[in-house]
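All chains, full assembly: derive it from the sequences and hints.
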Amino acid sequence: MNQNNKHIDDQQLDALYREAYKKNTSEDVSNWDVFKEKWDVRQGEKKRSNHNKWLWGSFFIISAFSLIAFYQSNKVSSELGVLNISSREDHITKPEISGHDGLLVREEKPRESIILANPEIKIISQNEVVVEIENFEGQQNYFNEPNDFPFTSENDIVSSITSTHETGVESSDLNEDENGFNSSTLDIVGLWQGKGKRGPAKYDVEMKLWELGSNQYKCIFSFKNESEIFVYDAQASLKDSLLSFKLGRVRKRKTENNPWTNTSGNLAFSIGKKGELFIGECGNSDFKGSLKLKRLPLGNCSQGYISPTQPIKNGGFEKGYLHFESDYRIAELNKYEHIRIVNDAQYFNKIYFKGKGDGCFLAVDGSPYHRKTIWKQNVTLASNTYKGLLKFQLMGIMKSAKQNCALDVYANNKYIGSAKSQSQEKGWQTFEFSFDVTDKQMEFEIKNLSIGGNGNDVAIDNIAIKQFTSDSVSLSLYYYPNKYDLNELQVSRVESIVDSLNKYPDSHITLKGYASDIRDLEKNQELSMNRINEILKILRKSEINRNRISYSAKGEVALKNNPIDLAAQRENNRRVDIEITQIFGEIDY
Amino acid sequence: MCSVFKLHRLVGEERFMSDRQIQHKLKNHDPEAMKYLYERYASEMLDVCRRYTKGQSEAMDIMHEGFFKVFENIEKYQNTGSLAGWIKRVMVNVAIDEYRKRSRKNEHHASYLNEFEKKHTGIEEEELIDVLRRGPSFDGIIMSDISTHELLESLDLIPEDYNVIFKLFVIEELGHKEIGKILNIDESHSRTRLSRSRDMIRTVLHHKALEKLKV
Numbered sequence: 065m066n067q068n069n070k071h072i073d074d075q076q077l078d079a080l081y082r083e084a085y086k087k088n089t090s091e092d093v094s095n096w097d098v099f100k101e102k103w104d105v106r107q108g109e110k111k112r113s114n115h116n117k118w119l120w121g122s123f124f125i126i127s128a129f130s131l132i133a134f135y136q137s138n139k140v141s142s143e144l145g146v147l148n149i150s151s152r153e154d155h156i157t158k159p160e161i162s163g164h165d166g167l168l169v170r171e172e173k174p175r176e177s178i179i180l181a182n183p184e185i186k187i188i189s190q191n192e193v194v195v196e197i198e199n200f201e202g203q204q205n206y207f208n209e210p211n212d213f214p215f216t217s218e219n220d221i222v223s224s225i226t227s228t229h230e231t232g233v234e235s236s237d238l239n240e241d242e243n244g245f246n247s248s249t250l251d252i253v254g255l256w257q258g259k260g261k262r263g264p265a266k267y268d269v270e271m272k273l274w275e276l277g278s279n280q281y282k283c284i285f286s287f288k289n290e291s292e293i294f295v296y297d298a299q300a301s302l303k304d305s306l307l308s309f310k311l312g313r314v315r316k317r318k319t320e321n322n323p324w325t326n327t328s329g330n331l332a333f334s335i336g337k338k339g340e341l342f343i344g345e346c347g348n349s350d351f352k353g354s355l356k357l358k359r360l361p362l363g364n365c366s367q368g369y370i371s372p373t374q375p376i377k378n379g380g381f382e383k384g385y386l387h388f389e390s391d392y393r394i395a396e397l398n399k400y401e402h403i404r405i406v407n408d409a410q411y412f413n414k415i416y417f418k419g420k421g422d423g424c425f426l427a428v429d430g431s432p433y434h435r436k437t438i439w440k441q442n443v444t445l446a447s448n449t450y451k452g453l454l455k456f457q458l459m460g461i462m463k464s465a466k467q468n469c470a471l472d473v474y475a476n477n478k479y480i481g482s483a484k485s486q487s488q489e490k491g492w493q494t495f496e497f498s499f500d501v502t503d504k505q506m507e508f509e510i511k512n513l514s515i516g517g518n519g520n521d522v523a524i525d526n527i528a529i530k531q532f533t534s535d536s537v538s539l540s541l542y543y544y545p546n547k548y549d550l551n552e553l554q555v556s557r558v559e560s561i562v563d564s565l566n567k568y569p570d571s572h573i574t575l576k577g578y579a580s581d582i583r584d585l586e587k588n589q590e591l592s593m594n595r596i597n598e599i600l601k602i603l604r605k606s607e608i609n610r611n612r613i614s615y616s617a618k619g620e621v622a623l624k625n626n627p628i629d630l631a632a633q634r635e636n637n638r639r640v641d642i643e644i645t646q647i648f649g650e651i652d653y
Numbered sequence: 048m049c050s051v052f053k054l055h056r057l058v059g060e061e062r063f064m065s066d067r068q069i070q071h072k073l074k075n076h077d078p079e080a081m082k083y084l085y086e087r088y089a090s091e092m093l094d095v096c097r098r099y100t101k102g103q104s105e106a107m108d109i110m111h112e113g114f115f116k117v118f119e120n121i122e123k124y125q126n127t128g129s130l131a132g133w134i135k136r137v138m139v140n141v142a143i144d145e146y147r148k149r150s151r152k153n154e155h156h157a158s159y160l161n162e163f164e165k166k167h168t169g170i171e172e173e174e175l176i177d178v179l180r181r182g183p184s185f186d187g188i189i190m191s192d193i194s195t196h197e198l199l200e201s202l203d204l205i206p207e208d209y210n211v212i213f214k215l216f217v218i219e220e221l222g223h224k225e226i227g228k229i230l231n232i233d234e235s236h237s238r239t240r241l242s243r244s245r246d247m248i249r250t251v252l253h254h255k256a257l258e259k260l261k262v
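Chains as they are written, first to last, in the numbering used here: chain A, 65 to 653; chain B, 48 to 262.
Honestly, I wouldn't trust all of these hints.
Label pairs and their calculated CB-CB ranges [as the list claims (entries may be wrong)]:
#1 A/Y450 <-> B/E119: 56 to 66 Å
#2 A/E101 <-> B/N120: 17 to 27 Å
#3 B/E119 <-> A/N609: 52 to 62 Å
Hints listed in this document are in silico derivations from the structure and should not be mistaken for laboratory results. The beta-carbon is built from N, C-alpha and C at its ideal position, and this holds for glycine as well.
Below, the structure is given as structure tokens:
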């Protein structure tokens with residue numbers, strides 16, 4: 065080989081040809097119908113050939129048997145043997161699991177079990193919790209089948225969790241537990257519903273999820289019908305997108321008026337043939353069935369909406385002295401500079417104070433000497449929040465107040481405004497303070513500026529934050545080669561985009577059309593425009609203002625230098641990217 | 048205090064079937080999956096087949112034969128690499144089988160020099176060998192603005208035995224061991240042929256470049 069640099073070496077030559085082949089893609093003349101016809105002919109021939117083989121085979125076997133029979137009849141004329149073919153079931157050893165119909169109730173029950181590999185329950189976004197099944201025949205499914213169907217064998221069960229609760233504390237409410245959890249004060253972040261059965265009895269089955277913070281979730285599984293209800297409390301923690309459950313108390317009662325009684329039980333998880341997730345009860349000997357949970361569409365949930373959590377914790381002071389800090393003494397009566405949670409100011413100090421609230425509130429006996437922080441809390445805001453509003457209610461509680469109490473409000477040590485209390489006769493006043501979101505984690509503080517012996521006593525209630533969110537939503541539609549028409553699913557997606565555009569009049573939609581590099585440049589340019597046009601037709605039909613629509617046909621997309629995944633690259637290039645920007649949402653109190 | 052998130056969120060992208068999904072459906076002879084697979088890969092596989100054939104219709108026949116094999120043997124795909132890679136390998140194997148059949152019938156070019164002389168009369172063997180020794184200038188080839196079509200045409204001018212090895216090694220990126228297995232030859236034999244094929248291509252390109260520059 066000549067080593068002179070001027071001469072083409074092996075690598076240069078190879079690269080030259082690789083490039084040439086990459087460019088030399090032929091026009092797509094493949095035709096499914098032609099191929100299908102050939103395929104059918106081939107299958108027909110194959111069948112005939114197999115049939116002939118079978119005929120010839122049968123002929124030889126019959127001949128062989130005839131010969132043997134002829135031989136046998138000549139040799140052994142009396143005893144005719146009987147061939148016993150026992151059924152396959154006779155040879156199957158059933159698993160020795162007593163009293164559970166062969167279902168999973170192992171000797172060593174796991175105290176805590178994480179749902180492994182399949183399925184994975186993922187928190188996809190803050191406002192949506194989705195149970196997703198990955199790596200199972202490549203499918204992704206939600207609870208979307210209306211049928212109820214049992215685990216039919218031990219092998220069907222992927223994982224199970226077992227109740228670790230021994231004693232249990234009675235509570236009157238379904239959504240309360242002994243740890244102070246009360247669902248009415250939190251927002252439900254996930255709800256799945258389905259039909260199930262346990263033995264012959266049918267149940268409505270529900271799985272609810274509440275966010276407790278720090279990646280902890282409260283979960284309740286309930287099985288309910290006209291005559292009884294079973295409730296499984298569970299604590300769930302999220303790590304690496306995997307939600308693991310620890311089952312707590314299991315309780316049941318006949319009807320709503322009856323008291324709860326503790327019972328025991330297990331929950332089992334399994335995967336259906338289509339990749340569905342089954343969740344079932346498997347702790348009873350009469351268990352024959354299971355259930356399949358169905359996820360309700362967003363916003364269509366009778367039990368509540370799927371929503372983010374109010375970032376201020378215990379803002380109504382219903383949970384007592386939890387989740388906030390204060391420089392004041394806590395509940396030390398007969399001392400100045402102290403705070404107490406009450407539902408009537410007279411319980412704070414009968415002689416000097418009065419005023420009632422809607423439930424509990426924080427009563428403050430102001431300091432005569434110091435400007436101190438009454439209330440402080442670290443708050444985690446929704447990630448797409450760009451602006452917020454801190455709100456609270458204020459009322460003077462001093463019976464003979466001669467001066468108003470002034471409070472300063474800070475967000476991340478930055479002053480955001482002041483509030484002055486009115487006398488208690490005027491009742492509760494609401495104050496709102498706007499703040500810019502500088503960080504996902506922010507500290508809010510309410511300080512008492514008024515010092516002295518008279519009039520700086522105040523009550524605070526219902527502290528909350530309203531978050532303003534900005535968002536952009538994007539999705540892509542993909543196409544078959546040389547095609548630009550939309551299928552039914554794609555049409556419904558575009559229609560849902562129209563819904564969003566109608567709902568948010570300030571929003572703007574951008575369409576970018578692409579084509580793969582097969583065929584020539586001009587045709588691909590035209591193809592990418594045709595793909596956009598199909599979407600524009602729907603938008604125009606829905607009377608979306610033209611000023612709100614931008615589009616550009618980008619034509620063909622060049623391939624990256626990786627010949628192994630050419631098909632995948634081209635497939636990805638046959639698309640239209642849709643982006644809706646400047647959607648503003650509000651998260652209510 | 049029940050809060051309502053008013054923002055309607057569109058979630059996710061439309062997804063195509065994964066390789067495992069396709070395999071699963073094809074095992075059950077799902078006609079939709081067959082159509083999906085064919086339409087997804089046909090154009091790319093036609094390009095692969097064209098590399099080993101002389102014309103479009105022959106390439107189409109090979110591609111169809113390849114897809115027959117894919118559908119009939121889908122259970123043999125083991126998910127270790129991409130399905131596209133596996134299909135491509137099937138196509139290459141079918142194409143090479145055809146090449147072997149042609150080889151047996153001696154339909155391919157009998158001799159590189161004979162064939163080359165037919166196309167480029169007036170070039171003596173000595174001259175070719177001389178060119179081979181000196182090696183064609185890379186700049187010359189680039190400067191002469193040889194088109195993609197001409198480059199590929201040049202490849203067709205060398206004997207098919209060499210041409211195939213060059214394509215398997217350079218375009219399909221197979222190793223000599225694999226090539227040896229496919230073509231039923233020694234690994235060392237494959238190396239020698241590849242080296243020889245590169246030399247032949249250089250020579251052809253050099254002449255092409257000279258011709259163009261003369262014009």
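Against the structure, the hints come out as follows:
no., hint, result
1, A/Y450 <-> B/E119: 56 to 66 Å, "holds (58 Å)"
2, A/E101 <-> B/N120: 17 to 27 Å, "holds (21 Å)"
3, B/E119 <-> A/N609: 52 to 62 Å, "holds (55 Å)"
Violated hints are absent here; each numbered hint is respected by the structure.
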